[in-house]
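Asker: Residues per chain, in single letters:
There are 2 protein chains.
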Amino acid sequence: MSNKPEGDSVPGTTTTRRTPRGLETRARIVVSAARLFYVKGVNATTLDDVRLASSTSKSQLYDHFEDKLALIHAVIDVQSKFVLAREEQRLRGVKTLSGLRRWRDALVQANSLQDGSYGCALGAMSIELSDNDEQSRKALNASFDAWQRLIVETLARLRVLGVLTEEADPLRLGTGLLAALQGGYVLAQNAHNSDPMAVALDMALDHIESFARS
Amino acid sequence: MSNKPEGDSVPGTTTTRRTPRGLETRARIVVSAARLFYVKGVNATTLDDVRLASSTSKSQLYDHFEDKLALIHAVIDVQSKFVLAREEQRLRGVKTLSGLRRWRDALVQANSLQDGSYGCALGAMSIELSDNDEQSRKALNASFDAWQRLIVETLARLRVLGVLTEEADPLRLGTGLLAALQGGYVLAQNAHNSDPMAVALDMALDHIESFARS
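The listed protein sequences derive, respectively, from chains Y and V. Going by this note's numbering, the letters in the first sequence line up with residues 1 to 214, in that order. Going by this note's numbering, the letters in the second sequence line up with residues 1 to 214, in that order.
No lab work stands behind these hints, which were simulated from the structure alone. It is possible that some hints are incorrect.
[Stated by the list, open to error] Okay, the calculated bits of chain V under chain Y, using three or more residues with CB under 8 angstroms as the criterion: (1) 30-44; (2) 50-58; (3) 97-110; (4) 150-156; (5) 204-211.
[Claimed, not checked] In silico lysine to any residue, SDA-like type, Cα no more than 25 angstroms apart, as pairs: (6) K138/Y / K68/V; (7) K40/Y / L91/Y; (8) K40/Y / H207/V; (9) K138/V / D195/Y; (10) K68/Y / Y38/V; (11) K68/V / L47/Y; (12) K40/Y / D49/V; (13) K68/V / T46/Y; (14) K138/V / V39/Y; (15) K40/Y / V39/V; (16) K40/V / S55/Y; (17) K68/Y / N43/V; (18) K68/Y / E87/Y; (19) K40/V / D105/Y; (20) K81/V / L113/V; (21) K138/Y / K138/V; (22) K58/V / Y118/Y; (23) K40/Y / N43/V; (24) K81/Y / S112/Y; (25) K40/V / S112/Y; (26) K68/V / Y118/Y; (27) K40/Y / A142/V; (28) K138/Y / Y38/V; (29) K68/Y / Q109/Y; (30) K40/Y / S112/V; (31) K95/V / L23/V; (32) K40/V / D67/Y; (33) K40/Y / L113/V; (34) K40/Y / R101/V; (35) K40/Y / K95/V; (36) K68/Y / E88/V; (37) K40/V / Q109/Y; (38) K138/Y / D133/V.
Backbone N, C-alpha and C define an ideal beta-carbon position, used for all residues, glycine too.
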């Protein structure tokens with residue numbers, strides 16, 4: 001990776017020296033790249049595609065990102081923050097099983113609005129990058145761990161509140177629920193239809209509900 | 001796609017005119033490409049990578065495949081047949097819940113032998129291709145449908161045999177089980193560890209087992 005201070009995307013090193021206009025350009029590049037990676041895929045997107053979509057010159061692009069890998073890492077960072085902020089916001093107030101079903105409804109609805117296409121931003125990048133760039137894999141793994149933790153904490157809260165019995169294992173159930181969501185994304189993207197995601201999440205939630213205190 | 005007879009990979013058009021040596025070359029190209037697509041990803045693999053791995057010349061490669069997309073379609077065909085033959089062979093004899101657990105064990109063991117890497121050959125290709133090439137999406141969708149049918153038929157058989165009660169819905173449970181497997185592949189690839197796949201499949205199987213005739 002980069003040793004040049006200008007190419008470094010670590011917060012505090014580059015940004016302190018950037019003008020507001022430079023920061024705006026950088027953000028425009030990252031947002032355009034994130035969109036292209038999501039819709040076309042990481043490896044199918046060229047830096048020329050990103051330049052075109054973000055209306056930036058070659059020198060502007062290389063001023064902010066030494067190479068494609070540096071841009072990929074910046075996109076992973078932005079997408080992770082986006083997904084985790086959304087999930088934190090939706091899950092933190094869940095105190096009932098109906099609340100958990102509403103979390104499921106929001107995910108299925110968003111997926112259905114794009115006919116199941118594109119999958120999960122983090123899951124799709126992970127499949128393309130995990131075996132080829134260890135820095136990407138580790139960053140995405142940290143995001144998946146954080147996502148899983150949000151789900152596990154929600155299930156633990158439901159247990160503390162007496163909604164679920166002591167037999168419910170938040171860690172196992174949370175892992176299974178996140179896997180059901182990710183598998184749902186894969187099948188929905190392939191079918192171009194969100195129905196398999198709905199079925200997958202419902203099955204996981206039915207199982208969690210079997211631990212409901214009656 | 002190709003209109004040239006030489007570049008057409010539809011069985012019966014090209015193959016009838018090929019020499020045994022030509023067929024061997026074609027098979028070598030497809031197997032090398034399948035391996036590269038699986039390990040590196042479809043879009044990260046260039047035709048030069050394939051030529052190098054299969055020890056073929058540019059003219060040999062283009063003699064068999066008009067372009068990369070034609071090669072991709074041939075790889076989808078080969079990988080689909082491989083996965084479906086394996087699943088058919090493992091699932092057709094399943095007549096008990098222990099038999100279903102052994103199917104799970106074989107999948108987790110294979111995944112664990114490669115430390116969770118690479119994911120599902122069909123799932124990973126689907127994520128890269130489904131939104132960008134409709135022919136690939138349809139072919140992979142047909143394979144996922146056939147795979148799901150094998151699982152659904154197994155669950156239906158367990159219901160007929162009285163292992164599962166009439167309340168068990170083979171279609172819904174089979175969709176959820178395939179999603180758990182696919183989500184397990186995604187999380188295992190990202191963690192470089194097959195544990196999340198084991199947990200995801202166990203949760204789905206526990207749910208199916210809740211329909212066991214006691």
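Asker: Tell me the numbers of any earlier hints that the structure contravenes, in ascending order.
Answerer: Those not satisfied are hints 2, 3, 4, 6, 7, 8, 16, 18, 19, 21, 22, 25, 29, 30, 31, 33, 34, 35, 36, 37, 38.
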